[in-house]
Each structure stands twice: as C-alpha cells, then as structure tokens.
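Protein chains in written order, with my numbering: chain A, 1 to 145; chain B, 1 to 145; chain C, 1 to 145; chain D, 1 to 145.
Treat the hints as calculated values from the structure; they're not laboratory data.
Bear in mind the structure is a predicted one, so any value in this text is a computation, not a measurement.
Hints are supplied without guarantee of correctness; some may be wrong.
[Unchecked claim] Computed beta-carbon distance windows for the label pairs:
1. C:N82 - B:H26: 41 to 47 Å
2. B:S2 - A:G92: 40 to 46 Å
3. D:E7 - C:G109: 47 to 53 Å
4. A:G109 - C:V85: 47 to 53 Å
5. B:E7 - D:M23: 28 to 34 Å
In this text, a Cβ means the ideal position worked out from N, Cα and C, and glycines have one as well.
Number of protein chains: 4
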Amino acid sequence: MSNVNLEQALLIAKTALEKGREMKFHPLTVIVLDAGGQTKTLLREDNCSILRQDIAMGKAWGALGMGFGGRELARRAEQMPNFFVALNAMSGGKMVPVPGGVLIRNAEGQIIGSVGITGDTSINDEICAVAGITAAGLVADTGDK
Amino acid sequence: MSNVNLEQALLIAKTALEKGREMKFHPLTVIVLDAGGQTKTLLREDNCSILRQDIAMGKAWGALGMGFGGRELARRAEQMPNFFVALNAMSGGKMVPVPGGVLIRNAEGQIIGSVGITGDTSINDEICAVAGITAAGLVADTGDK
Amino acid sequence: MSNVNLEQALLIAKTALEKGREMKFHPLTVIVLDAGGQTKTLLREDNCSILRQDIAMGKAWGALGMGFGGRELARRAEQMPNFFVALNAMSGGKMVPVPGGVLIRNAEGQIIGSVGITGDTSINDEICAVAGITAAGLVADTGDK
Amino acid sequence: MSNVNLEQALLIAKTALEKGREMKFHPLTVIVLDAGGQTKTLLREDNCSILRQDIAMGKAWGALGMGFGGRELARRAEQMPNFFVALNAMSGGKMVPVPGGVLIRNAEGQIIGSVGITGDTSINDEICAVAGITAAGLVADTGDK
C-alpha cells in the first residue's frame, strides 16, 4: 500500500486553504487521510463552526471507506438511502456522501489517501481539495470520471 | 473568539422563560452555549417532559455546529436529508434542525454562543430565545436574514 | 415523588457560586438535578475548564443514582473498586464518587434532588453545595451522617 | 476567552516535529486544540502507529478538560485512580493523564489552547511540545510549577 506522506499532505492542505482565501470562500477545515484511514494532517481555519472537523473527516473517510469520490457517493446515497443509513451507523457517523470528499491517486491510479474539506458550498469546497491535490503532483478523483 | 459570559447567559435564559410565561406557552427548557460549544447555563421549568434538555441542546449545538440559525438548518435538512442523517450520527444526535436554535452574535457580527429552547411549538420557542438575546443587548440570528 | 423546583434549584446554584466567590475558590460549575435525575439548572462560571460540566453532572448523578452523598460513595469506591468500574460503564461515565455530590432532602427526609459542583478541591466544592441547599431551606446530605 | 489561532498552532506543531527529528526521537503525532477543545491542527509523521492520533488527542484534551498540564494530571491519577476511571468513561476515553499534554497560556496567564504529543517517551514528547509553544512566543504549562 502506497501512502500519501506528511510532506505531501501538508502541501495539499495548505494549498487548499490558500485557494479558499484567494476565492474568498468561507473559512475552511481540511483533513488529509492516508490509505489506511489514519489522519495525516488537519488544518482548521479561524472562525470555522464547531462541527467542521467532523464533517471534513466524514467526507474524507466516506470517500476512502467506499473507494469512491464524494460525487459518486452522493449519487449512490440518492439511490440507496437505506444503505447509507446503515453505513452511517456502522461507521459511527463518519460517512458524509457529498462533494468535497476527494480521493488522492498516484500516477499508477492507486488510492494513496483522501481529502475532506468543508466550510463553503460542497462544490466550492471541492475546488480547493482538487487544487491542493494537483499542487502535490497527484491525481484528484472527485467521483466524476 | 469572543464568548457569551455567565451573566449574559443567565439574563438570556431567564428572560426567555419569562417571555414564555407571559405568552402562556407550555413549560420551556432553555440552554445557552458559548462559542466553543460548552454549556454556560441551562434552566428547565417545572413539568417539562424528560427529553427537553436534549432537544434544547440539539437545537443550540446544531446551530453552532454548522454556523446557521435553526431556520436555515431546517431548510437545508429539507433539501439534503442524507447529509443531515450523517450530521446526526456524527454528532451523537446533537443536531436538531428546527427553529428555536438561535445564534448569538455580538455587535461586530461574531458568533459568541447559541441558544436552544423547546417546550412549545418551534416558532413559539424561537420567540422566547429572541426575546432573551435582545434583552442582553446582543443580536439574535434565527437563520432568516 | 417530591421534587426540587426550578426556583429552589436556581437559588441553590446561585448561592453556591456566590459562596465560592466569597471564599475565593476557583471558578465553579454547579448542576442541580431533580429526584428523577433530570437537570433543573446548570451554571458554569467564566474560565471553567471544559470537562467541568460533565464532572458536576457525574457528582450529582452518582449521588442520586445510588442514594448516597459523595462522601459515602467515595468510601464505597475505595472498598469496592470493581463495582464502581461497572457502575461507571453502565451509567456511561455519569458516576463520580467524590465529595461535592450532595443529596437534597426535604424536611421529611425524602430525596428531592441532588447537587454536583466542581472547580476547586472536592471539599471546597462541597462547602458551596451545602451553602446553597441550606439557603433554600432544605437539608444537605453529603454522605456523612 | 482568547484562542490560539491557526498560524500559531501550525508553528507550534511544526516546531515540535522538527525538535523531535533533531533529537532523533521516534516519529511523533502532535495535535493543537483551541481553548474550547476544538482541533486547530494535527500533524502525524510517517510511520506513526495507528493509535497515536487518539493518544495525542487524549493528552491535549485531558489537560484542557481539567485545566492542568499532564504532569499534574499524572500525579492526581496516581492519588485518585477511581476519579480518573470516571473521567475516562465520561470523556469517551479522551483523558490520557501523562506528560506530553501541555497547556498553552498567553502572557496574561490565560489558557488559550493545549498541545498533545506522542510517539517517544512521555518526557521526550513533552520536550517537543514545550519547544513548539516557546517558538510561538507563548507559555507552556506542563503541570510543574
């Protein structure tokens, strides 16, 4: 299993926050998980509301948990709501099936981690995650192919 | 981060209960949280049913957790039910997206706490929360702008 | 079942905090439960650390849960540590067997609620709880008879 | 309530990890919480074992929860084991009473957050936390005065 390392994770997270400030988005919280679901880094901007770190975790963990980006998770949650209720219960609430949960893939297409980000609209959150992953020379998988 | 203090919190809570009695509402339970989500005060009127303190907490905490008043949370829960199922699971049930969860803002517009109140209809509950926050010289954000 | 009412509870809690300030104790958090274990009121002074509300609840709830004041609970926890580990697990951690959990009795000796208070040493916390209960014309049961 | 901001938190965390590498300590995980117990940042070095983020959280949260640095918590846990069993249960296991949980104070002595760090011995972990807090121009409170 290849894994995003701390240096890459920190570059991803910091770039995502910079992108948000540049776009004048609301304050963001970003988390980067490795392929084993462990947190590599979390950055929470000042004035984020107090559930943001859990939502960021839910987006990142949900994407990694199922192996799909947030957009695909959102489509599936729409089609199979009862399944997602079950996934939520089994994961202790760590499953937020919306955009802004983005898989990190390496050049070979392997999943090496994921990003979860929240604070603005889900679509805007996702823009920042993609900017961060791209800046690290890695491939962002939002769930739309 | 500024925070509501105990003196303000107690004035808010007592005024809210007085408003309810004046309007002949059902017995109310009111909670005031600071900006970090910690309880500053809770007052539970005699003859409140036994889930009221948890509902009051859920309204106050949900508003603070997402940074929106209860009316905006209610609209979003309507539009994104799957997301709110997830928020509920991740917060251990501390997310009640209905009116009566009201953000407390200072003159500069910063969130310095929140009120959650329950016992009568959600709309009536909210009237009492707003009365309390206003009496303390602070700004009530119900989620309608 | 007789029950402490909100007016009595608020008098107990406010008097307890005033006693603490008069004695120059650390900032205190005080909770008053009714005989059914429901919160009547909670007051948390500014600058209390963030676990204080749970500790106050654990002192009040533990006393009520077993029907003994905190001093007697402390003696029993000393003698039967494994039993208290079990009580803690079964109550979800709401069992803090130390002084500062004080039963509220009426003139007939019936338990009508309890106080939990924390912030200074357990013995000092207890002084404030007793001052509050006495001010309300009720009988404080610390577990020492 | 003043709060550590993200810029300070990130400087503390990065300096702590650099100190660890300079001292040739084992890989470290460091977390910085604000005064309300919310995570500001978490950095987890490559090759940390998978419980490290929870231990770091428990050190930081325990210190903040009680308002004492980890050394003082360790002494109290030694003297009052039953009380700490209770604290552990009530906090969902977020109470790790050992060195490496360090309060962050500002120049006025107010608690504005805390650091939790783990990976090497508790004493070595603590050296890194203190280095980070000092680098940010803030005051480290380890629980020894």
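Against the structure, the hints:
1. The hinted window of 41 to 47 Å between C:N82 and B:H26 holds, with their beta carbons roughly 45 Å apart.
2. For the pair B:S2 and A:G92, the beta carbons lie near 33 Å from each other, so the given range of 40 to 46 Å is not met.
3. At roughly 60 Å, the beta-carbon separation of D:E7 and C:G109 lies outside the given 47 to 53 Å, and the hint is violated.
4. Judged by the Cβ atoms, the range 47 to 53 Å given for A:G109 and C:V85 holds: they are separated by roughly 50 Å.
5. In this structure the supplied range 28 to 34 Å is violated for B:E7 paired with D:M23, their Cβ-Cβ distance being about 48 Å.
Hint compliance for this structure: hints 2, 3 and 5 are not met, and every other hint is.
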